[in-house]
Amino acid sequence: ETGVTQTPRHLVMGMTNKKSLKCEQHLGHNAMYWYKQSAKKPLELMFVYNFKEQTENNSVPSRFSPECPNSSHLFLHLHTLQPEDSALYLCASSQSLGGGKAGELFFGEGSRLTVL
Amino acid sequence: AQTVTQSQPEMSVQEAETVTLSCTYDTSESDYYLFWYKQPPSRQMILVIRQEAYKQQNATENRFSVNFQKAAKSFSLKISDSQLGDAAMYFCAHRPGSNYKLTFGKGTLLTVNP
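Protein sequence lines correspond, in order, to chains W and C.
Okay, so the first sequence: first residue is 1 according to our numbering, each after it adds one.
Okay, so the second sequence: first residue is 1 according to our numbering, each after it adds one.
Since the hints were derived computationally from the structure, they do not count as laboratory data.
Don't take every hint at face value.
Capping the alpha-carbon separation at 30 Å, the derived lysine-lysine pairs in DSSO-like fashion look like this [as the list claims (entries may be wrong)]:
1. W:K19 x W:K36
2. W:K40 x C:K70
3. W:K22 x C:K106
4. W:K41 x C:K101
5. C:K106 x C:K73
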């Protein structure tokens, strides 16, 4: 039991496809995050949700559309992606958005996305 | 804005030996936290150790310890008695005390040789 589960683990899609990434946390946390991890680059924060309300969109292109139906589930809907969007997408959760131990992140294993 | 620099893209260590991973950071915050995360080949990122900036004592977690030099803005990770399971990508990260925004370094890939 990892606490934060992401599906699918691997996804290959064409530039015109529509697909979704799913994240589920079993930790009772209130905040959830999407990060993008590209080779040789620092992790990039994409979106943040707190109590299922979006609190941050870090200038992410509209071809990425997040959805948070409740505090336990987070989706990333993908549409008309570009090859440069190929990366590992990590979901994370935390008890709260604040500082201290309550704000510490727990990560999922990631979804490896390849855009052809 | 915060920056985190890991100057060693790759490191290797012999099993049972000690290795130190370097990290420097830049911040204008007076209250902040520093972290080392480990990402094994299975890819789940896990927290190895955390350090509160207001604490002078270096954090320790079993075989993992840090050397926190606040004035120099340096935060290195020492792994003692290295084990094969320590092989992973290690990320240094900074977070202001007031919010959730983590800034990561680019990572150091650690190889442990038997």
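* To do: Find the hints from earlier in the document that the structure breaks and name them by number, from lowest to highest.
  => Those not satisfied: there are none.
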